[in-house]
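So you can see what is in the structure, the chains are spelled out below.
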Amino acid sequence: MPFGGQERIWHRGVAALLAVVLVLIALLAIGVGPVPIPFSEIVRSALHLPGGMGSQDAIVVWQLRVPRVVLAALIGAALATSGAVYQTVFRNPLADPYLLGTAAGAGLGATAAMVMGHSGFSGQLPLFAFCGGVLAVIATFTFAGGVHADPRSLLLAGIAVSAFATSVQTYLQQRNSDVLRPVYSWILGELTTADWNTVRWAAAYIALAIAVMLTIARRLDALMLSDEEAYSLGVTPRRLRFIAVAAATLATATAVSASGLIGFVGIIVPHLVRGVTKRATNRALLSIALAGAAFLVLADMGARTLLSPAEMPIGVLTAFIGAPFFAVVMRVRGVHR
Amino acid sequence: MIRLSHVGARLGEREILTDISLEVATGGWLCLVGPNGAGKTTLLRALLGMLPYSGSITIDGVERHGDADRNVAFVPQRPETPAGMTVHEYVALGRAKREGWGRETARGRAAVREALERLMLMGLRNQFVTHLSGGEFQRVLIARAIAQEPDLVLLDEPTSALDLHHQVAALDEIEALRSTGATIVSTMHDITLATMYADRFALLRHGRLLLDDVPRNAVRAPQFTTMFDDRVRVLTLDEGFPIVLPTRDRPMP
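Read top to bottom, the protein sequences are chains A and B.
Each step along the first sequence adds one to the number in the working numbering, with nothing skipped, and position 286 is 286.
Converting from the second sequence to the working numbering requires adding 1000 to each position, the first position being numbered 1.
In short, the hints are calculated from the structure, not lab data.
The structure displayed is predicted, hence computed values, not measured ones.
Incorrect hints may have been included.
Claimed, not checked - Here's a subset of chain A near chain B, in silico, CB distances under 8 Å, partners left out:
1) P93
2) R152
3) Y171
4) R175
5) R181
6) R218
7) M224
8) L225
9) S232
10) L233
11) R274
12) K278
13) A280
14) T281
To be verified - Over the 12 Å line for every Cβ pair with chain A, so calculated as not near, a few chain B residues:
15) V1062
16) A1068
17) N1071
18) Q1077
19) P1079
20) E1080
21) G1084
22) T1086
23) R1095
24) R1118
25) H1166
26) V1168
27) E1173
28) R1205
29) G1240
We put the CB at the ideal spot given by N, CA and C, even for glycine.
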C-alpha cells in the first residue's frame, strides 16, 4: 500500500461493507422474535403498499422492535468506539470503556435509585446511573491529579474509585435485600425497556460523543507517542487526552444508563476490526462504530430468541463470547503492548 | 538564533537546571555533553517548550514557551512504539505540523518518501513499527524528524542503538538539515562522534553550564575531564580530531 491512496480506499471499503452488514442485520432483527413477522410485510408497510402488517404486528414492530434495534445499534457503537479510544489513550489493548469507574459508579447510582424506590426514584434509574458513572469518572480525575492527569495515574485512580463504588453498592444491597434482584438484572444488561423516548435522549448524547471522537480520531495518533513527541507534532497531549476521555465517558455513561452493563463489546469489536484492517484502532474508528452497532444488534437478537419466549440478559451473551476472546487476546498479544 | 538567559527548571522540589545562559546560531549544531543526570534531557524539553522554566529562551527573539507555531522536531531517547502503525504511517506523522492531521499533499508525500529513502527504510515501509529492531526504529524516528522539515531539531541520544555504519549515515542526514536553515541541539554519549558533527559543545554537570566552546577546545578543557571524575582520556588523531575514551585508571586521590 504505497503512500496513502490505496489505504484510504481500503478503509472506506471496509466501512461501507460494515454499513451494509449493519443494515441487513438490523432488518433481520426487526423481523425475528417470538412473533415472526414476514419481512415482505414489514417492507410493504414501510412503503405504504397493500399487503402490509396488521395493526398488532405494526405495534410490535414500530413500538417494540425498531426502537430496540436502534438502541442496540447506538449502544454497540458507543461502547465499541469508547473502547477503541480508551485503548489508544491508555496505550493498552485491554482497556475497556468501564476502566475509569463508569460501570461501578453507574452501578452504585442504579442501586441508590432502587434503594430510594419507595420515594419514587426507581423510575429515575437511568438518570441515577448516568450521574453515578459521570461522578465516578470525575472522582477518578480528581484523585489522579486533575484534568491533565497522566494515563498511569488515571488507571490507578480508576481502580480505586471502582473498588470504592462497588463496596458501597454491595453494602447498600446487603442492607436492602429487596433491591438485589432488580439491580442484579440491570447489571447483567437489558434492552427490554427500550422505547422511542430512551432512543431519543441516548441518540443525542451518543451522536455528540461519537462525532467528537471521529473528529479527533487522527490526532489520537499523537497519544500513541510520548508526550514530548506529541507536542512536537502540534498536539497538546493532556488537553487532547481529556477531550478523548470525556467524549468516551459520555458515550459509555449514556450506554450504561440506557441498558445496564454490557461487557466486552468495547474490547471484542475494536480488536476484531483491528484484526481485519491491521490498523491502529483510532484509524478505523468509523468501522469500529459500525461493527459495534452490528455486533450488539446481533447479540440482542440472540438474547431474545435463543431461550424464546424467555429472554437471556444481553450482558450474559456478550460476556459468554467476550471472556474467551479476552483470554485469547491476552495470550496472543500480551498485556504489555 | 536561539538565546538562553539564566534558564532554570525544576521537577517537583528538585532543581534540575540552574542559571544556564548560552546561544546557538541559526543553522548551528549544539551538543549537550555531560554525565547522567546532568540535566541534558531536561534542557531539551525546555527548548521544546513543554517544560516550564525560569529565565528566558528565545528563538529569533520570540519566547519559546507558548510559541506553539514553531516547527520543532523531537527525537526521544525512549520512544513509545505504537501498535498497528507501519513505518510509512509513522514517518508521515512528521507532516502533521505542516499539513494538519489526516491531510496529505503531494509535497508531504514527496517529503515522506525522501526521508524513507535517505534513512534506507523503503524496504521496511510497510512493516509495523512494533516489529522493528531498536536500531531500525531509531532510523525511523530520525526519518520522521526529517520528513517534518523542522526549524529546530532536538535529538536525545539519536544514535545509541545504531551500528557504526548507520550512526554515520543517520548523522549525515541530520547534518544535511542544516543546509535548509534548521538548528540542531542534541545529546550524545559518544563524544568522539559528536565532535565530528557539532560545532559547539555545552558541558553540563548537576544542571549547571560548565563551559560552552567549539568541540576541539571543549574536550581539552580541564572542566571536561573533571565532569567525568577524571575517568576519560582525550587522544588526538593526526588530522587533529580528538578521540575521547574512558579509562580504567582511577584518578590519584
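Query raised in the report: So which of those numbered hints doesn't the model satisfy?
Result: 2, 3, 4, 5, 16, 17, 18, 19, 20, 21, 22 and 23
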